[in-house]
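Engineer: Numbering (my numbering), first residue to last: 1257 to 1510.
The hints are simulated quantities; they were obtained by calculation from the structure and are not laboratory data. Even for Gly, the Cβ is constructed at its ideal location relative to N, Cα and C. Keep in mind that a hint or two might mislead.
Unchecked claim - Here are the in silico distance ranges between beta carbons for each label pair:
| no. | residue 1 | residue 2 | range |
| --- | --- | --- | --- |
| 1 | F1302 | V1264 | 18 to 26 Å |
| 2 | R1318 | R1261 | 50 to 58 Å |
| 3 | L1314 | L1289 | 27 to 35 Å |
| 4 | L1279 | R1421 | 55 to 63 Å |
| 5 | M1333 | A1267 | 39 to 47 Å |
| 6 | M1333 | I1260 | 41 to 49 Å |
| 7 | G1417 | R1261 | 35 to 43 Å |
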Amino acid sequence: MARIREAVPLAAAALALVALWQLLTDGWGLLPLPFFPSPVKVFSVFFLDYRSLAVSALHSLRLLFLGFAVGAGAGLMTGVLMGWYLPVRYWLGAVLRFIGPLPATAWIPLALAIFPTSFSASVFILALATWFPVTVMTWSGISNVPRAYFEVAQTLGAGEGFLIRHVAVPAALPYIFVGLFMGLGTSFTTLVVAELLGVKAGLGWYIQWHMGWGEYYKVYAALLTMAALFSLIITGLFRLRDRVLAWQRGFIKW
């Protein structure tokens, strides 16, 4: 019941915004066509072109999850190695400072030259966008684990592998989740550009294709679909974080 009460103001604001949008387009004609179609026209896409929109959404999700999984996995491994081993931190730290600040989209020409297909190049671009923030936050988390944790575990006979798996990584999880959220955000922004690398499906491709034909009502429908999907994914990651970091409740207010 409390959640319903919390959602009422947001729902009312959304309905008011849609009503104003309808008035500014079909009602008063203040917004120029075809760049600002009415909400009725936009929502009709979900019924008239749902098949193409659904296929595009599935292709985007496939690309997003592959790129994010590869980037997050590589970032976790890199971050743990940099946080635990000083020589690795020395060498990879220099590479990270050189490559990390560059936008992932700047690597598009190189990705197209190296990878055999446009899809694999798109996965690489998304993985690269995810890798940097996950690596930095994992490295920071491992480096900031209190030394007392390791000393207590060592007095009980823990070896290096145990210390990494059962002490360092669990203690660094709050940092790791911040990196995952940051990586997911950058992968969202990179997805549309990645789908322009010759990929013939996906919401980014759908937007560009229909924009070229002046069908902006389909562009808006794809943007709404993107917003809904990304919101669901972020919510899912929040739920996972709350479950994994349940021990933090009462100590940290999210």
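Engineer: Does each hint fit the structure? Answer for all of them.
Structural biologist: For each hint, the structure was consulted:
Restraint check, F1302 to V1264: a C-beta distance of roughly 24 Å satisfies the suggested window 18 to 26 Å. In this structure the hint that R1318 and R1261 lie 50 to 58 Å apart at CB is violated, the actual value being about 38 Å. Restraint check, L1314 to L1289: a C-beta distance of roughly 31 Å satisfies the suggested window 27 to 35 Å. A C-beta distance of roughly 59 Å is found between L1279 and R1421, which places it inside the suggested range of 55 to 63 Å.
The hinted window of 39 to 47 Å between M1333 and A1267 holds, with their beta carbons roughly 43 Å apart. Taken as a hint, the range 41 to 49 Å holds for the pair M1333 and I1260, whose Cβ atoms sit roughly 43 Å apart. Between G1417 and R1261 the beta carbons are some 50 Å apart, a value that contradicts the proposed interval 35 to 43 Å.
Consistency with the previously given hints fails for numbers 2, 7, ordered from lowest to highest.
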